[in-house]
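S.K.: Sequence:
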Amino acid sequence: GDHGDRIRVVATSSTTRGKTSATSTATEPVSGVAPSVASVTVSGSAVTGQRLTATASGVSGAPAPTTAIRWQRSNDGATWSDIANATAADYTIADSDYGYQLRAVATATNTEGRAEATSTATGAVAGTSATIASASISGTTTVGQTLTASAGTTGGTPAPTVAYVWQRSSDGSTGWADI
79 GDHGDRIRVV ATSSTTRGKT SATSTATEPV SGVAPSVASV TVSGSAVTGQ RLTATASGVS
139 GAPAPTTAIR WQRSNDGATW SDIANATAAD YTIADSDYGY QLRAVATATN TEGRAEATST
199 ATGAVAGTSA TIASASISGT TTVGQTLTAS AGTTGGTPAP TVAYVWQRSS DGSTGWADI
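Per the numbering used here, the sequence shown starts with residue 79, numbered consecutively.
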């Protein structure tokens with residue numbers, strides 16, 4: 079573009095008998111246009127482990143601005159904090175975001191300045207269902223001996239708690255009853 083350049087015009091008059099030219103004085107340097115961002119939208123589901131995507135639109139300015147995205151979270155919808163290292167258009171919701179609202183901020187910057195737009199906040203980030211990989215018993219199965227229960231890998235948000243219910247069956251396949 080012409081940003082920073084000076085502009086002049088050369089006018090030329092021609093006939094069959096010759097031509098002549100006149101040149102204007104140069105203008106002051108062409109100034110740029112401060113950046114602007116019309117909006118930023120967020121798509122995706124506000125659930126731990128899911129990905130959100132921020133899209134800035136209506137970014138303009140001269141020279142053409144660069145656009146950066148950063149993610150923020152809030153537990154009250156009024157006070158917002160930047161999420162560390164969350165500076166890409168895509169953000170995978172961390173377990174630590176559970177219960178918080180999230181939003182994206184788009185910043186357009188050029189030599190003439192900077193402008194920001196903020197997305198609408200998501201609802202409070204929801205958790206995921208509890209999971210458990212396995213359950214096992216260790217110890218000697220003799221009267222008077224202690225058996226120990228343990229759970230395999232668990233998952234879910236918020237972090238699940240594990241409870242144990244001991245059961246017995248005379249044949250090991252049917253008729254299980256809580257002890």
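Treat the hints as calculated values from the structure; they're not laboratory data. A virtual CB, placed ideally from N, CA and C, is assigned to each residue, including glycine. There could be a bad hint or two in this list.
[As the list claims (entries may be wrong)] Label pairs and their calculated CB-CB ranges:
{"hint": "1", "residue 1": "D249", "residue 2": "A204", "range": "19 to 29 Å"}
{"hint": "2", "residue 1": "G253", "residue 2": "T220", "range": "16 to 26 Å"}
{"hint": "3", "residue 1": "S216", "residue 2": "S123", "range": "24 to 34 Å"}
{"hint": "4", "residue 1": "W254", "residue 2": "S207", "range": "17 to 27 Å"}
{"hint": "5", "residue 1": "S109", "residue 2": "S207", "range": "40 to 50 Å"}
{"hint": "6", "residue 1": "H81", "residue 2": "P238", "range": "42 to 52 Å"}
S.K.: Hint by hint, note whether the structure agrees.
M.R.: Cross-check of the supplied hints:
1. D249 with A204: 19 to 29 Å: Distance hint for D249, A204 is violated at roughly 42 Å.
2. G253 with T220: 16 to 26 Å: holds (22 Å)
3. S216 with S123: 24 to 34 Å: violated (40 Å)
4. W254 with S207: 17 to 27 Å: Holds, at about 24 Å.
5. S109 with S207: 40 to 50 Å: Cβ of S109 to Cβ of S207: about 57 Å, so the range 40 to 50 Å is violated.
6. H81 with P238: 42 to 52 Å: Violated, at about 57 Å.
Checked against the numbered hints given earlier, this structure breaks hints 1, 3, 5, 6; the rest are met.
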